[in-house]
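Please dock the two separately framed chains into a single complex, following the hints provided.
The residues making up each chain are set out below.
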Amino acid sequence: MAELERVVKKQEKLQHQETGLKGTFVSVMIVGGFIAACWLFAFIVFVIRNGG
Amino acid sequence: MHIHRLERIWLIFGISMLFLFLLVLGVGTFVWGMAPPHSGNHHSFDPTKVEEHAPFDKPGLKKIGENHYEAVMTAYVFSYAPDVIEIPAGATVDFIVTSKDVVHGFQIPGTNVNMMVLPGEVTEISHTFDKPGEYLILCNEYCGAYHEVMQARVIVT
Numbered sequence: 000m001a002e003l004e005r006v007v008k009k010q011e012k013l014q015h016q017e018t019g020l021k022g023t024f025v026s027v028m029i030v031g032g033f034i035a036a037c038w039l040f041a042f043i044v045f046v047i048r049n050g051g
Numbered sequence: 000m001h002i003h004r005l006e007r008i009w010l011i012f013g014i015s016m017l018f019l020f021l022l023v024l025g026v027g028t029f030v031w032g033m034a035p036p037h038s039g040n041h042h043s044f045d046p047t048k049v050e051e052h053a054p055f056d057k058p059g060l061k062k063i064g065e066n067h068y069e070a071v072m073t074a075y076v077f078s079y080a081p082d083v084i085e086i087p088a089g090a091t092v093d094f095i096v097t098s099k100d101v102v103h104g105f106q107i108p109g110t111n112v113n114m115m116v117l118p119g120e121v122t123e124i125s126h127t128f129d130k131p132g133e134y135l136i137l138c139n140e141y142c143g144a145y146h147e148v149m150q151a152r153v154i155v156t
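These protein sequence lines map, in sequence, to chains A and B.
Under numbering that gives the first Met the number 0, think of the first position of the first sequence as 0, with each following residue one higher.
Under numbering that gives the first Met the number 0, think of the first position of the second sequence as 0, with each following residue one higher.
Do not take every clue at face value.
[What the hints assert, rightly or not] Facing chain B, from chain A, some residues (calculated, C-beta under 8 Å):
hint: 1; residue: Met28
hint: 2; residue: Ile29
hint: 3; residue: Gly31
hint: 4; residue: Ile43
These aren't lab readings, by the way, just hints derived from the structure by calculation.
For each residue, glycine too, the CB sits at the ideal point set by N, CA and C.
Looking at chain B on its own, in the form it has when it is part of the complex (with noise of 0.2 Å):
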């Protein structure tokens, strides 16, 4: 089969380029852990009774090791509880959240913490705040009337 020359160098381009793709995406997986926000138990509770599962009987932050702590939220029509998370300058903050009614987001941009809150599910982020200063958290996912005031803060001294 004759290929033309430069359909030969164009389909080495196209290849190796999937090819790099690939490589970075499975550096980024296995070596560096990178993984999109996941749960940490897969197993569905009813939402309506979120308070009676653990950890959301117990929600807030929660100093787990040194500069490193877990925040439990719950999100629910419109805002999120605790709506206020203080935490000191190079802390990492391991988020998990549930919803008690809708579907909501969590997001805190300039960052890479952006998941659905589902409910019935538990999603798991964490993030290091490095630099000082107030971090927003809102809700990307349209959940009612009021979903433009949902947020909360994470403020970082």
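Pulled out of the complex, with its shape left as it was, chain A reads as follows (with noise of 0.2 Å):
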């Protein structure tokens, strides 16, 4: 009985991780998302500045 309870709590801890980063997943990528969209701007305006 002990076994299986602790069986079954090793599966909700498991289930509980998988679930768990998603919105940390959404957060990163938002924030690399922006960081890689400001890169991308500067660059652009850096690239057509040069050319006079």
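Right under this line is the structure:
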């Protein structure tokens, strides 16, 4: 019985970990996308201005 | 070690972004020859004796090739010498600038020309002026009471 409880708890913990990172993932992608967009914008401005 | 699937995705995303930036930086530097404003000669000289040092003993605009000019300029409180440069459209100008007194700025808005001018150091930058018009050179380093009036012009005809 104790063994069964331990397995159930372990599974619950795993499931919790699997679902718990979705929000973090979205946040990371938003921040990453913002950094990439800013970098791209600055780079394009630099290249355009370099040409005169 | 267990890495969550989503963690793996954002790690790959972050690391690839880093490598992409480094790649573009490398290509820009070694293939396109892009560089920040630099000093042609690294030796320092006495800023109070600028006129005694070449090329500042003969400041001004000099034609050095087909549509290629060299502008030897000095910055001082609160102006540049020369303060007007006239060139034809499509001309490339190599600006060679030094300061006679304090730290000044040298910026042409709307272009990549933007550098610090340090006393006793020579700073160089090149720019090709394709579009005709009047370009403003301004000081963007606070240099004193009349900093805001410190300017020069590039007239492209």
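Each hint, compared with the structure:
For Met28/A, the interface hint holds, since its Cβ comes within 8 Å of a Cβ in chain B; the closest pair sits about 7 Å apart. Given the 8 Å rule on beta carbons, the hint for Ile29/A is violated: about 11 Å separates it from the nearest Cβ of chain B. With 8 Å as the threshold, the beta carbon of Gly31/A comes within range of chain B, its nearest partner Cβ sitting at about 6 Å, so the hint holds. Hint on Ile43/A is violated. Least Cβ distance to chain B is approximately 12 Å, over the 8 Å limit.
Violated hints, in rising order: 2, 4; the structure is consistent with all others.
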